[in-house]
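Make a model of the complete structure from these sequences and hints.
In numbering that gives the first Met the number 0, the protein residues as written are 0 to 255.
Since the hints were made in silico from the structure, they are not lab data. Ideal Cβ placement from N, Cα and C applies to all residues, glycine included. Be a bit skeptical, because a hint or two may be false.
Here are the simulated DSSO-like cross-link-like pairs (lysine-lysine), alpha carbons at most 27 Å apart as the crow flies [stated by the list, open to error]:
1) Lys76 <-> Lys44
2) Lys76 <-> Lys7
3) Lys243 <-> Lys186
4) Lys247 <-> Lys76
5) Lys76 <-> Lys243
6) Lys221 <-> Lys143
7) Lys221 <-> Lys247
8) Lys143 <-> Lys186
9) Lys221 <-> Lys186
Simulated DEER-style distance windows between Cβ atoms [said to hold, decoys possible]:
10) Asp73 <-> Tyr27: 30 to 36 Å
11) Pro52 <-> Ile232: 34 to 40 Å
12) Tyr103 <-> Asn66: 21 to 27 Å
13) Arg236 <-> Ala81: 52 to 58 Å
14) Gly242 <-> Glu95: 34 to 40 Å
15) Leu170 <-> Ser240: 44 to 50 Å
16) Ser240 <-> Pro23: 46 to 52 Å
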Amino acid sequence: MTYTAPVKDMQFLLHRVLGVQGLPIPGYADLDEGFTGAVLEEAGKLASDVLAPLNAVGDRQGCHLENGVVRTPDGFKAAFDALRQGGWTALDCATECGGQGLPYLMGTAVGEIVVSANMALQMYQGLTHGAYSAINVHGTADQKAMYLPKLASCEWTGTMNLTEPHCGTDLGLMRTRAEPQADGSYKVTGTKIFISAGDHDMTDNIVHLVLAKAPGGGEGTKGISLFIVPKMIGSVRNAVSVGKVEVKMGIHGNAT
Numbered sequence: 000m001t002y003t004a005p006v007k008d009m010q011f012l013l014h015r016v017l018g019v020q021g022l023p024i025p026g027y028a029d030l031d032e033g034f035t036g037a038v039l040e041e042a043g044k045l046a047s048d049v050l051a052p053l054n055a056v057g058d059r060q061g062c063h064l065e066n067g068v069v070r071t072p073d074g075f076k077a078a079f080d081a082l083r084q085g086g087w088t089a090l091d092c093a094t095e096c097g098g099q100g101l102p103y104l105m106g107t108a109v110g111e112i113v114v115s116a117n118m119a120l121q122m123y124q125g126l127t128h129g130a131y132s133a134i135n136v137h138g139t140a141d142q143k144a145m146y147l148p149k150l151a152s153c154e155w156t157g158t159m160n161l162t163e164p165h166c167g168t169d170l171g172l173m174r175t176r177a178e179p180q181a182d183g184s185y186k187v188t189g190t191k192i193f194i195s196a197g198d199h200d201m202t203d204n205i206v207h208l209v210l211a212k213a214p215g216g217g218e219g220t221k222g223i224s225l226f227i228v229p230k231m232i233g234s235v236r237n238a239v240s241v242g243k244v245e246v247k248m249g250i251h252g253n254a255t
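Put into structure tokens, the structure is as follows:
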């Protein structure tokens, strides 16, 4: 597969249609045409040279479960490392977390380029950004210090865990439970399905954000809370396991 980022079209939208540099939004005054053009051109090169050639590889090989760990297609880890090491995963993350602090708009524009070149690979970073955002807004100071720098850099990746085998959109029916422990943690027990980027071999840890019901939380959706369930706790494997890998058309390279 070949891919050429439509940088001229994106620049036209940013500066002729939206006029981003003149908008009264923090950080937008610095988004002149030279800056946005340079960012998009470099992202386009990475997409064309590294990511797009792996799109067909990922779809042909897919992901497979091997001794409890999901193995990604050939070349995916090296490409993901290129995304991480280039700082592309942390464009719009806070500087105090190791990010570049750019407006969300720039992260979205670069994300469009990456996902167009290789959606399966981009989803590993996309789900991670969602976990980063949730913890950044709702996490405690200790949780932010522990997880945000690793998620921003994609040294660790993240997921969201909602759907269960017996219920999809009606989350009030979920059966996953979280029991408080003496040390202040929770023991989360249940089964989730359709977890994009749910396991892989590209990072040392995966931070799962899991919806579950804790005792005394109320009926239906009112009783649902969100729990951080890491694959690894230090050097110890947490009790998180993969039952099978789904086959999803067009994104076989993303482990679901």
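### Task
Mind listing which of the numbered hints don't hold for this structure, in increasing order?
2, 7, 10, 12, 13 and 15
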